[in-house]
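Line by line, the protein sequences are chains A and B. Sequential numbering of the first sequence, starting at 380, is according to our numbering. Sequential numbering of the second sequence, starting at 380, is according to our numbering.
Any given hint could turn out to be false.
Remember, identical chains collapse to one label, so a pair may be satisfied in a single copy or spanning two.
As the list claims (entries may be wrong) - In the DSSO-like style, the derived pairs of lysine-lysine whose C-alpha atoms are separated by at most 27 Å in a straight line are:
1. K620 - K559
2. K498 - K404
3. K540 - K620
4. K620 - K705
5. K579 - K505
6. K620 - K571
7. K620 - K586
8. K408 - K677
9. K738 - K705
10. K571 - K646
Since the hints were derived computationally from the structure, they do not count as laboratory data.
2 protein chains.
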Amino acid sequence: MGKKNKEKTPGDDRKVTSAVVEGLKKLYKSKVLPLEQLYKFADFHSPYMLDSDFDARPMVLMLGQYSTGKTTFIRYLVERDFPGMHIGPEPTTDRFCAIQYGNEERVTPGNALAVQADKPFRGLTKFGTAFLSKFQGAETPAPILEELTIIDTPGVLSGEKQRLGRSYDFVQVTEWFAEKCDLILLLFDAHKLDISDEFKRVITSLKGHDDKIRLVLNKADMITGQQLMRVYGALMWSLGKVIQTPEVMRVYIGSFWDQPLHNDENKRLFDAEQRDLLSDLRALPRNSAVRKINELVKRARLAKVHALIISHLKNEMPAMFGKSAKQAELIANLEEECVKIQRQHGIPPGDFPDLNRMKELLSVHDFGKFPKLDKRIIESMDEVLANDIPALMRKFPQDTATKAEQLLGELGE
Amino acid sequence: MGKKNKEKTPGDDRKVTSAVVEGLKKLYKSKVLPLEQLYKFADFHSPYMLDSDFDARPMVLMLGQYSTGKTTFIRYLVERDFPGMHIGPEPTTDRFCAIQYGNEERVTPGNALAVQADKPFRGLTKFGTAFLSKFQGAETPAPILEELTIIDTPGVLSGEKQRLGRSYDFVQVTEWFAEKCDLILLLFDAHKLDISDEFKRVITSLKGHDDKIRLVLNKADMITGQQLMRVYGALMWSLGKVIQTPEVMRVYIGSFWDQPLHNDENKRLFDAEQRDLLSDLRALPRNSAVRKINELVKRARLAKVHALIISHLKNEMPAMFGKSAKQAELIANLEEECVKIQRQHGIPPGDFPDLNRMKELLSVHDFGKFPKLDKRIIESMDEVLANDIPALMRKFPQDTATKAEQLLGELGE
Ligand SMILES: Nc1ncnc2c1ncn2[C@@H]1O[C@H](COP(=O)(O)OP(=O)(O)OP(=O)(O)O)[C@@H](O)[C@H]1O
Ligand SMILES: Nc1ncnc2c1ncn2[C@@H]1O[C@H](COP(=O)(O)OP(=O)(O)OP(=O)(O)O)[C@@H](O)[C@H]1O
Ligand SMILES: [Mg+2]
Ligand SMILES: [Mg+2]
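Okay, chain A solo, but in the shape it has when bound (with noise of 0.2 Å):
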C-alpha cells in the first residue's frame, strides 16, 4: 500500500490522530487516572492504562483456512518481503506473526515480545510458553507499518488437524487478538472454496466483534465469472448461517498479491473492491482514535460513578462501633444504595456496573480505609466529559468527528 497510500492520506491526517491520542494520554494521566488510583479502580475494574495503550497502532487480524493467501496478502500490503515470511502451497505459516514498523529488519521471538511494556502483546503471557514459541514479531521498514500492525496467523486445519496439532488453544488465542484488533480480514479462496467446522468455530468465536470483521474472497480471478458468482453465492449462503448479524458482511473480491490477473473477465469489479480495500485500511488510524476516544469516555464515565459508590459507602460506614455489621448491611442493600447515589447525582441507572461483581469485590475491601468524596476531583471528571473531549473531537475533519459524535450520542443513552 505505502506508495498507492501516501497520495490519499495526507500527513495532515496523520498528525491530527496522533494529536488526538497525545491529547486522550494526557486527559487520562491528569485527570481519569488520579480518581481511579483515589478509589482503586483497578481492584475492581480493569488496570490503569499505560501509554502504551494508547500509542498502539490500528492492528489488522488476517484469519483463515491455511493457503487462503494470508501471507501473500500480508506482502501485498507491506510491498515487500518481511523477515520470517513464508509463502507456499502446503500449510506454511506456524505461528502468529506480528508484522510492525521497524528502522530495521528484525524477528523478535514471543516470549520477549510478550515483556515488552511499550508493546500490546502483555496478555498473551496467560497462554504460557506453549503458545509464546508459536508467536513471534517482525519488523521491517515498510510505509504502512507506520500506520497499522498486522497480525498473521496459522491458517486453520480441518478436523484433529486443528485440534491435536496445536499445542494451546486457537480459537482462544484469536479471540485475545480480536478483542485488541481494529479489523479482522477473513479470507476464503475462490478457487478452493471450503469452510470447516474449525474455521465456523473460529467465526463463531469473533461473536461481539462483527463490526471489525471483513471478508475477502481471494483468488477470484482463478475462475470463470459463472463459477465465481457460484461461489461467492455459496460463501455467503453459509456465512449468513455462521454469523446471526442480519447486517451482510462486507466481501472484497478480488485477487490480493502482485501477479497479473488469471482471468480479467471481472477486472473492472476487482479493480474497485481493491480500491475499496485500500481505503478501508486507510481509514484504520482515523477510526481507530475515535475508538479510542469512545473507550475513554466510556472509562471515564464508570471511574466516576466508581468513586461515587465508593465515597458514599464510606460515608454510610459508623464512626466508631458496628463497623463490619454495617458493611455487610451496605454490602447486602447495594441496589438500594445505588438508587441513591442515582437520585443524588443525577447518574443513568445504564452508567452502574455489575452490582453482583460489585458485591464480591467490595466484601474483601475495608470500607473504613477508604477516601471521602473529593468534589474537586468528580468536578474536573465532569470537565473531562463535559469540555476536554470535545475539544479533542473538534480536531477531527467535521465527518469523523460527526460520527465520533453518534457514537458517543449511543453511550449517552
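Fit chain B with the ligands to the given chain A structure using the hints.
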C-alpha cells in the same frame, strides 16, 4: 423459449417422455387401480388417479415480491403477449394465472377452471370462491407451453397490505401450487432488493420442496458490477438464514426480458446464466416423467402393503361370533399384526403407512366386508415393480435412466 428451444429438445425426447407417461397410465389402470379399488385404497390414503394426473404438463410456479418482473419473465419465455397479461411498475398482477397451451387465445375464469376434470386444478375448490375469483387460466398457442404450464402469481406485498388486502390465504394457496409444481422460481429485483417478512413467510412455507426451488436475480443489468455483488451477497446472506438446507440454492443472475442490457459489464455472465436457465426448463418434461414414475412406484408399494394389511385383518376375523370384539382387538394390536405381515411377506418396515391414522380409519369400516387376499393380484403388483417399471425406464436415454434408478434406489432403502 419457443425457437431457442426447438433446436435443442429433439422431438425424440418429447416422444420418449410421452411414451413413458402413456405407459405409466396404462400400468396404473390395468394393474394398480384394480388392487386399490378392491381394498378401498382411496378411503385410506389418496384419491384414485385420473388421466389428468398423468397428462398434466410439468408446472413452473413464479413467486416474488411485486414488480420483480414475474409477468415480464413469462412474456419472455412464451415470446408473445398472452390474454390477461398485465405488466407495469405498480402491483399489477392481481390474481393467480395458469398460462397453458391452447390452439386459441382464451381466458377461463377460476371457478370454471377448477371443475374441469382434465385440468390439474380441481383441488383448488377447497379455497372457495374468494380465491377462485382471483384465479384464471390463459391459453395461448406458444410452443413452450406444449412442454410446460406456467403459474403467474400476484406479487407479495409488504406488511398489512399483504395480510389484509387478500381475501384468501396467500401462503396456503402458494403451498398448494408448490406441491403440484415441478419447479418454483423465486424472483428478486437486483435493482431494488427487498425480502419482506411476508415473502420470507412464503419462502418458509415452501419447506419440503427445496429441490424444486431456483432463485432468479432479475434486472441485474440495472446496476454496476460492484453493486450487483453487494446485492447478490445480501440476497444469499439473508436467504441462507431463511432456507435451512446447507446446499446452496441455484441462482440465475441476469435480465430476463427482450430488451438490450442497460449495463453490459457482465454480459458474458448473463448470457451463460440465461442459457443455463433455459436448459433447466427444457429438462423439465423429462424430469417430470421421472418424478411421475417415482410417485407411481411409491403408490404401488403402498397399495400392495395396504392390500396385505386389509386382507390379513379380514383373515383374522371369526366366522360367526364376537366379530366386533375381535375387530376392536385387531385395531388395538395393529402394530403386532403388521409385524406378522412384515415377516410373512418380507415387506420392509418403511413401506407401512402411519398406523395411528390407519387405526382411526379402520374403526369406521366393517372388516367382515373386506375381500380375501387375491394372490394373483398381488403377484401382478410385484410384476409392476420388478419388470414393468424398469422396462419403462429403459425407454429413457442412459443419463435419465440412471437418475431414475437412483431415485428408486433411495426409495428402496
Ligand atoms: N491472489 C492469489 N492468486 C493465486 N494464488 C495465490 C494468491 N495469493 C496466494 N496465492 C498462492 O497460494 C498459496 C498459499 O499462499 P500463502 O502461503 O500466502 O497462504 P496462507 O494463507 O498464508 O497459508 P498458510 O495458512 O499455510 O500460512 C501460495 O502458493 C501462493 O502463491
Ligand atoms: N429484466 C428487466 N429489467 C428491467 N426492468 C424490468 C425487467 N423485467 C420487468 N421490468 C419492469 O419492471 C416492472 C414490473 O414488471 P412486471 O409487471 O413484469 O412485474 P411483476 O413481478 O409481474 O409485478 P406484479 O407482482 O405487480 O405482477 C415493469 O415496469 C417492467 O417493465
Ligand atoms: Mg501464511
Ligand atoms: Mg405480474
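Regarding K408 and K677, is the shortest C-alpha distance of 27 Å or less found within a copy, between copies, in both, or in neither? Classified as within: same-chain Cα gap 16 Å, cross-chain 79 Å, threshold 27 Å.
Using 27 Å as the alpha carbon limit, work out where K738 and K705 are close: within a copy, between copies, both or neither. within (14 Å within a copy, 72 Å between copies)
Tell me, please, which holds for K540 and K620 at an alpha-carbon limit of 27 Å: within, between, both or neither? For K540 and K620, the Cα distance is within 27 Å only inside one copy (25 Å; across copies 30 Å).
Between K579 and K505, at a C-alpha cutoff of 27 Å, which is it: within one copy, between copies, both, or neither? within (25 Å within a copy, 46 Å between copies)
Up to 27 Å between alpha-carbons, please classify K620 paired with K571: within, between, both or neither. Both, since 20 Å and 23 Å are each at most 27 Å.
Using 27 Å as the alpha carbon limit, work out where K620 and K559 are close: within a copy, between copies, both or neither. within (26 Å within a copy, 30 Å between copies)
With identical chains treated as interchangeable, where does the CA-CA distance between K620 and K705 reach 27 Å or less: within a copy, between copies, both, or neither? neither (53 Å within a copy, 55 Å between copies)
Should K498 paired with K404 be assigned to within, between, both, or neither, using CA atoms and 27 Å as the limit? Close inside one copy (16 Å), not across copies (80 Å); limit 27 Å.
Which holds for K571 with K646 at a C-alpha limit of 27 Å: within a copy, between copies, both or neither? both (20 Å within a copy, 25 Å between copies)
Checking K620 and K586: alpha-carbon separation at most 27 Å within a copy, between copies, both or neither? both (13 Å within a copy, 17 Å between copies)
Hint 4 from the list above is the single one not met by this structure.
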